[in-house]
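Enquirer: Residue strings, one per chain:
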Amino acid sequence: MNLTEEQIERYSRHIILPEVGGKGQAKLLAGKVLIVGAGGLGSPAALYLAAAGVGTIGLIDADAVDLSNLQRQIIHATPDLGRPKVESATGKMRAINPDVALNGYPERLTAANALTILGDYDFVIDGTDNFPSKFLVADACHFARKPYSHAGILRFDGQTMTVIPGKTTCYRCIFSAPPPAGAVPSCSQAGVLGVLAGVLGCIQATEAIKFLLSIGDLLTNRLLVYNALKMKFRDVPLRRNRQCPLCGEHPSIIELRDEEAPVACDLRAGGRHTDRQES
Amino acid sequence: MKIKVNDKEVELPDNTSITELLVVQNVKMPDMVSVELNGEILDRKAFETTVLKPGDKVEFLYFMGGGGEIAD
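The listed protein sequences correspond, in order, to chains A and B.
Residue 1 is where the first sequence starts when you use my numbering, and the numbers rise one by one after that.
Residue 1 is where the second sequence starts when you use my numbering, and the numbers rise one by one after that.
Bear in mind the hints are in silico, worked out from the structure with no lab data behind them.
Backbone N, C-alpha and C define an ideal beta-carbon position, used for all residues, glycine too.
Watch out, some of these pointers could steer you wrong.
As the list claims (entries may be wrong) - Covered by chain B, according to a simulated footprint, are these stretches of chain A (three or more residues, beta-carbon under 8 Å):
| hint | stretch |
| --- | --- |
| 1 | 124-135 |
| 2 | 149-163 |
| 3 | 236-242 |
To be verified - SDA-like cross-link-like pairs, simulated, lysine to any residue; straight-line CA separation at most 25 Å:
| hint | chain 1 | residue 1 | chain 2 | residue 2 |
| --- | --- | --- | --- | --- |
| 4 | B | K45 | A | E249 |
| 5 | B | K28 | A | G248 |
| 6 | A | K230 | B | E9 |
| 7 | B | K28 | A | L193 |
| 8 | B | K45 | A | G248 |
| 9 | B | K28 | A | D157 |
| 10 | A | K232 | B | Q25 |
| 11 | A | K230 | B | M29 |
| 12 | B | K45 | A | E259 |
| 13 | B | K8 | A | G248 |
Said to hold, decoys possible - Incomplete in silico selection of chain B near chain A, CB under 8 Å:
| hint | residue |
| --- | --- |
| 14 | E9 |
| 15 | E20 |
| 16 | I41 |
With the hints as constraints, model all of the structure from the sequences given.
Expert: Here it is as structure tokens:
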């Protein structure tokens, strides 16, 4: 792929990096990343990946922009209230970089559509905000053999790791199944520092870019744990779990399914969050 | 005996089990925690029977849903 004059100027700060160069930028332009959830984590990831010139970006989210989203979901703005998130987000991404092909999916990721959608991408960013969706992303990426970046945020804490299915520690190696519904006493009021989503979402975008460029060391076989109050990052080394129900020696999950019972939040909050996938 | 929990040194009575450690460490929702012992994820069913030894390294790994609406 030959870069145009305009692309050379637009991506000059990438191209000047020996680790990226014109070849690397061409790899980014040929790269395809799917972002699941246009929320707290997905917002910064989508903005930076578009700015970086990742050639094809998919964004899946069934939701509309809500006032309470704007504290952290920085791709959406006040005039976007009520608009489908996918539409609001892709508008911003297009404005940042018209070079990028954008695929918006204004729907939920489900066991029925996941493998078809994932099939078109090189890397997946999990920007979902609920356990059934996180497990679905992990399982779908496993079956589709797509590398993905997991992240979760809560209050002042965040954690993230990158998974190369079949090769590195996966989400189910650590958490074999969603927590039992009764285990989560209060879900609607825990809160989250908005900027935490930015920190973690940017790390996820970094991982996608490194993967597309094949540079550096991915965040695999370790969980990066971040606490904003202590301003500390910590690496927890992980090994693959031989008993993992997904990628272990005798897997019990052999096909993609939706996690049935919505966990805690949905039950206790009367389904308030059942249709939300963003963080 | 001394062990490390999430990289911090903790003093415990001998023969403390993982289940007891969760109590001592004031983990309010054990169901929201995965436990890694010396680099290996422990089967939840083994919490009760797994007894800690001096120098063990334990990591509590928490379920983190994402949007701040998931866990306490």
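Enquirer: Taking the hints in turn, state whether each one holds.
Expert: Going through the hints against the structure:
Coverage of a stretch by a chain is defined here by at least three residues with a beta carbon nearer than 8 Å to that chain's beta carbons; for the stretch 124-135 of chain A and chain B the count is 6, and the condition holds. With 8 residues carrying a beta carbon less than 8 Å from a beta carbon of chain B, the stretch 149-163 of chain A meets the three-residue requirement, and the given coverage holds. Residues of the stretch 236-242 of chain A lying with their CB closer than 8 Å to a CB of chain B number 5, which satisfies the three-residue condition for coverage. Restraint check: the Cα-Cα separation between B/K45 and A/E249 comes to about 18 Å, which is no more than 25 Å; the hinted pair holds.
A distance of roughly 29 Å separates the Cα atoms of B/K28 and A/G248; the hinted pair therefore is violated under the 25 Å criterion. Our distance criterion of 25 Å between C-alpha atoms is met by A/K230 and B/E9, whose separation comes to about 18 Å. Restraint check: the Cα-Cα separation between B/K28 and A/L193 comes to about 22 Å, which is no more than 25 Å; the hinted pair holds. Taking the CA atoms of B/K45 and A/G248, the gap is near 17 Å; set against the 25 Å cutoff, the hint holds.
Of the supplied pair hints, the one linking B/K28 and A/D157 holds, its CA atoms being roughly 17 Å apart against a limit of 25 Å. Taking the CA atoms of A/K232 and B/Q25, the gap is near 20 Å; set against the 25 Å cutoff, the hint holds. With a C-alpha separation of about 22 Å, the suggested pairing of A/K230 with B/M29 holds against the 25 Å cut-off. Taking the CA atoms of B/K45 and A/E259, the gap is about 21 Å. The hint holds against a cut of 25 Å.
Only pairs whose Cα atoms come within 25 Å are accepted, and B/K8 paired with A/G248 is rejected, the gap being roughly 30 Å. Interface restraint check for B/E9: the shortest CB-CB distance to chain A comes to about 15 Å, outside 8 Å, so the restraint is violated. Restraint check, B/E20 versus chain A: the minimum CB separation of about 19 Å is more than 8 Å; hint violated. Satisfaction of the interface hint for B/I41 is found here, the shortest Cβ-Cβ separation to chain A being roughly 5 Å, below the 8 Å cut-off.
Hint compliance for this structure: hints 5, 13, 14 and 15 are not met, and every other hint is.
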